[in-house]
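Protein chains: 4
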Amino acid sequence: MASRRAFRCEIPVRFGDIDQAGIAYYPTLIDHTHDAFEEFWERAVGIPYPTVLLRDRLGFPMVHLEADFRKPLRFGDVLEMEVSVARIGRTSVTFLYRAFVRRGRRPAGPEPAFEVRATTVCLDMRTFRPKPPPPRYRRLLEVHLRRGTP
Amino acid sequence: MASRRAFRCEIPVRFGDIDQAGIAYYPTLIDHTHDAFEEFWERAVGIPYPTVLLRDRLGFPMVHLEADFRKPLRFGDVLEMEVSVARIGRTSVTFLYRAFVRRGRRPAGPEPAFEVRATTVCLDMRTFRPKPPPPRYRRLLEVHLRRGTP
Amino acid sequence: MASRRAFRCEIPVRFGDIDQAGIAYYPTLIDHTHDAFEEFWERAVGIPYPTVLLRDRLGFPMVHLEADFRKPLRFGDVLEMEVSVARIGRTSVTFLYRAFVRRGRRPAGPEPAFEVRATTVCLDMRTFRPKPPPPRYRRLLEVHLRRGTP
Amino acid sequence: MASRRAFRCEIPVRFGDIDQAGIAYYPTLIDHTHDAFEEFWERAVGIPYPTVLLRDRLGFPMVHLEADFRKPLRFGDVLEMEVSVARIGRTSVTFLYRAFVRRGRRPAGPEPAFEVRATTVCLDMRTFRPKPPPPRYRRLLEVHLRRGTP
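Protein chains in written order, with the working numbering: chain A, 1 to 150; chain B, 1 to 150; chain C, 1 to 150; chain D, 1 to 150.
In short, the hints are calculated from the structure, not lab data.
Remember, predicted model here, so these are calculated numbers, not experimental data.
A few of these clues could be false.
Any copy will do: because identical chains look the same in the list, a pair fits if it lies in one copy or spans two.
[What the hints assert, rightly or not] Below, simulated SDA-like cross-link-like pairs (lysine to any residue); rule was C-alpha separation at most 20 Å, straight line:
#1 LYS71 with VAL121
#2 LYS71 with GLU10
#3 LYS131 with CYS9
#4 LYS71 with THR91
#5 LYS131 with ARG57
#6 LYS131 with ALA21
#7 LYS71 with LEU58
#8 LYS71 with THR119
#9 LYS71 with PHE100
#10 LYS131 with THR28
#11 LYS131 with GLU142
#12 LYS131 with THR119
#13 LYS131 with ILE47
#14 LYS71 with THR127
#15 LYS131 with GLU80
#16 LYS71 with HIS144
#17 LYS71 with LYS131
#18 LYS71 with ILE11
#19 LYS71 with ARG5
#20 LYS131 with LEU58
One chain only, chain A, in its complex shape (with noise of 0.2 Å):
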């Protein structure tokens, strides 16, 4: 388990993510962070994200935020997002994503081209007051903690 490789997905730097300095506008890259939550809900945690919010009555609004770019994404380039759960706290979870770059037929470097690390707080929809996650929930989070610094 030491060894298992983080949640991956695949998410490419759109025609329409471009600005106009001819780079990934970072806002959109941060709403690509969202949509590589989405796909760690459902293929990685088991929980598709709307049954967490429509079944369930949980949700995971953010809090803080921090981010760094590293490397300018152009069009073309294909992001592997790899996602991970730096720290469950007791209403708190803290999400890990690191974007790996495709460019062309060479795999993804090993350095990210950006980093989001980004804190959620486990909501109760019904009274949105802070709630600690479920056991379940907890225990299929705690998975996907990543281990040593981040």
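Starting from the structure of chain A, add chains B, C and D where the hints point.
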């Protein structure tokens, strides 16, 4: 009244609106017609769209849209977005958007850079079913009926 | 070939696609047709759109768009976006998008939730002037010409 | 000057900004800080951002961003976005955004609904390399240096 100038609002073409081809990405322009739609309700009709939705429980979802894109738009262009009502049916309202462009200090030219004709249906948001717009709405919208062609 | 099934790709309706009315915001759906357009070039035509633009210096900007929105889309719906070519003119190419919806485990129904007919013009990106699509492009696009009425 | 009020501009929360949870989608709020950034250059610094990029060939891409989201934002809220300069380094400029919220007729409260601290690097757009901001830029930005804490 025949010569009344239609409602206009200003919407700048933003840094992030630009795409890989160096011009404004057309889905973003469609998005900007909705910004103009919201300004129109607030400043021309006199009922802010949040009030329409949340107090009066009406919505005007899009059912048919036709758009003509005539000139590419660049970063720094300012859209003078003209909004008028092309037709009020039994339960439908068709809006017309014409985007005149101001580039630098020159006033906007007489030819729109793009034009959108958008047919919405008046919806009862409690039942999600079409209904005729209430008389007050009809009256306020009729003021902005576009005379003559298109 | 007459019965060849048109190209389809899957695009999930995302958390952020939803608007104040609780359904997918239509400018975002238009944006998703461009995602499908890019997938179409890469996987159906066989020339990724970055190659079209950056190597072959061609672009296909939108000149006329018609859209019909028939059913509201919800968070968790998956769009099976069908892309075909409706018409190839001298310098124009018209694409047809039909969005079939998969909700939960049921297969997508036979009626599209929305349909977009989009006329683009083939542009020489060096001069920003229309030009006939090169023979190779015409040939590859003709394969996806939609038979019968649209 | 010590009591000079920082630059503010108004940005309404739009119909399409709302997400499945019924509040403004946070990547859209990040996008709105860029709208405020562009307004800041035009109206506070006095050099419109298109001029910065296209005439002076400078860019200020994001390298590090920290955001705190304290209160959910609803459709109809108006953001009074305050923009100031937190720090000018050798080649970096850090901007501070604080979003005060006006709901209905009440004036905006003293606590920001969200806050973004954004470190950009001054880039020579011809070489895509960092360079110290030209003296005129440094002078104009220093005027908006935020005094005291954060």
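Against the structure, the hints:
1. For the identical chains of this complex, LYS71 and VAL121 are inter-copy neighbours only, at 12 Å across copies versus 29 Å inside a copy, given an alpha-carbon limit of 20 Å.
2. For the identical chains of this complex, LYS71 and GLU10 are intra-copy neighbours only, at 18 Å inside a copy versus 29 Å across copies, given an alpha-carbon limit of 20 Å.
3. Taking CA atoms no more than 20 Å apart as the test, LYS131 paired with CYS9 passes in neither setting, with 29 Å inside one copy and 36 Å between copies.
4. Taking CA atoms no more than 20 Å apart as the test, LYS71 paired with THR91 passes between copies only; the shortest distance there is 17 Å, against 33 Å inside one copy.
5. With identical chains, the CA atoms of LYS131 and ARG57 are at most 20 Å apart within one copy only, with a shortest distance of 11 Å there and 32 Å across copies.
6. For the homomeric pair LYS131 and ALA21, the shortest alpha-carbon distance between copies (16 Å) is at most 20 Å, but the shortest distance inside one copy (43 Å) is not.
7. Taking identical chains as interchangeable, the C-alpha atoms of LYS71 and LEU58 lie at most 20 Å apart only when they sit on different chains, with a minimum of 17 Å there against 35 Å within one chain.
8. For a Cα distance limit of 20 Å, the shortest separation of LYS71 from THR119 across copies, 15 Å, qualifies, whereas the shortest one inside one copy, 23 Å, does not.
9. For a Cα distance limit of 20 Å, the shortest separation of LYS71 from PHE100 inside one copy, 10 Å, qualifies, whereas the shortest one across copies, 32 Å, does not.
10. Taking the shortest Cα distances, LYS131 and THR28 never come within 20 Å of each other, neither inside one copy (30 Å) nor across copies (26 Å).
11. In this assembly of identical chains, LYS131 and GLU142 lie within 20 Å of each other by CA distance solely inside one copy; the values are 17 Å within and 44 Å between copies.
12. In the homo-oligomer, the alpha carbons of LYS131 and THR119 lie at most 20 Å apart inside one protomer (15 Å), although the nearest pairing across protomers, at 33 Å, exceeds that limit.
13. Taking the closest pair of Cα atoms, LYS131 and ILE47 come within 20 Å of each other only inside a single copy of the chain (18 Å); across copies the shortest separation is 38 Å, beyond that limit.
14. Proximity of LYS71 and THR127 under a CA criterion of 20 Å is satisfied inter-copy only: 15 Å between copies versus 41 Å inside one chain copy.
15. In this assembly of identical chains, LYS131 and GLU80 lie within 20 Å of each other by CA distance neither inside one copy nor across copies; the values are 32 Å within and 31 Å between.
16. Neither within a single protomer nor between protomers do LYS71 and HIS144 lie at most 20 Å apart by alpha-carbon distance, with minima of 26 Å and 29 Å respectively.
17. With identical chains, the CA atoms of LYS71 and LYS131 are at most 20 Å apart between copies only, with a shortest distance of 17 Å across copies and 37 Å within one.
18. For the identical chains of this complex, LYS71 and ILE11 are intra-copy neighbours only, at 16 Å inside a copy versus 27 Å across copies, given an alpha-carbon limit of 20 Å.
19. With identical chains, the CA atoms of LYS71 and ARG5 are never at most 20 Å apart, being 23 Å at best within one copy and 36 Å at best between copies.
20. In this assembly of identical chains, LYS131 and LEU58 lie within 20 Å of each other by CA distance solely inside one copy; the values are 9 Å within and 34 Å between copies.
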